[in-house]
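Engineer: Residue numbers (the UniProt record's numbering): 1 to 422.
Incorrect hints may have been included.
[Claimed, not checked] Only pairs whose alpha carbons sit at most 20 Å apart, straight line, appear in this in silico PhoX-like list of lysine-lysine:
#	residue 1	residue 2
1	Lys148	Lys19
2	Lys221	Lys19
3	Lys377	Lys367
4	Lys19	Lys149
If you are wondering where the hints come from, they were derived from the structure by calculation, not from laboratory data.
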Amino acid sequence: MQENTVDKQHDLLRVLTLKDAVGVGLGAIIGAGIFVVTGVAAGLAGPAFLLGLLFAGIIAAFNALSSAQLAAVYPHSGGTYEYGYRLLNPTLGFSAGWMFLISKLSAAGVVAIGFGSYFYQLIPVFSALALSVLAVLVLTIANYFGIKKAGVLNLAIVSVTLISLLSLVFSGIPAVKQENFQPFAPFGMAGVAEASALLFFAFTGYARIATLAEEVREPHKTIPRAVIITIVSAIVLYAAVSLVAVGVIGTDRMADSKSPLQVVAEALSTPAIRTVITIGASTAMLGVLLSQILGISRMMLAMGRRHDLPPVFEQIHRRFRVPHVGILLTGTIILLLTLAGSFEFILRSASFTILLYYSITNIAALKQPNSEQLYGKIIPTLGLIGCLAMSVSLPLQVMLSGLGLLAIGFVLRLLFHKVYGK
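With the sequences and hints as input, model every part of the structure.
Structural biologist: In structure tokens form, the structure reads like this:
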């Protein structure tokens, strides 16, 4: 299918194949989680953070299957926002959409800054901030010119990231030392639980596939397959990289660095491996940023259709068949956050809001008729329990700030409905 062969002026294009969808999912997942958060988790739990990684991956898998089950039946832009409206009620539907926007926009600003800091190590010609700004501008333009072109670019970016991480794994295996895994759990199960909650956020990009469901070919088949392939691949990759990292340098050195995988690379004798990892970290940040713009703009499209945002966001470009208004605003907001250094309190609150988002996903999956349930009720039940358990384990200030941001969203929604009617 070509990008100019669609008859309906206001339709998005169903052009993403299984390979494209998996690429979008992996691009959204493989980012700061593996390159940064593993070091923080290592400080919380010691080598036992590997158990936390496994627990987080299992909970993420439950949530991913709930998302896949819903997207297969309701293949529309907006993901859980759409499911909440259709299966639950408008309040929960809007809550999911607004929380997605808050969490992903705040994270995107951080990711853009991360790209600049990594890429500056490779090309110290421009400032790190200038490189971050350039990345936001280029990826916003790439999104504007069509989902297929953005998908091809995303696959190229993800391929480089995967090659760099696999290079680290195979280079590091001979240097693994058994003593670096002792003592295994110096902070007990409490440390493992805290590390698990932190690492869960490293897996949450799988939902991007559901958010883009309106642009996936044969969504009832493609989306469940893509989600399963994505989450399994991410768990295996994260486990392999983390095992090698612990074995090579130990968790104390991981915890002391903001770039633990670069420390691992420096400890290896493989030629140019540090440069390879720096390139991989740079492309990982680009992949996440690209997928953020894709997902946020589609959420704005869905919310504009119901006037939960101004209806200008439901416009689709006549030629490129993308929600261009949403793309441009998304790029602008991320650019401003990048220049401002992002807002720390919003980023902290995002950890709570995204857990509520996935809780609503699981509740919606439980509400589906039995005939629509691909995996039964046990999967969304376990996913919901996992999300709620992690959300209540967060500091009270984080929960309150998250609820405050949600309240602001409802005030704006009331205003939009009064102005535009619905």
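Engineer: A separate judgement is required for each hint: does it hold in the structure or not?
Structural biologist: Evaluation of the provided hints:
1. Lys148 with Lys19: 12 Å, holds
2. Lys221 with Lys19: Answer holds: Lys221 to Lys19 is near 13 Å, not above 20 Å.
3. Lys377 with Lys367: 9 Å, holds
4. Lys19 with Lys149: Holds, because 14 Å separates the two Cα atoms, which is no more than 20 Å.
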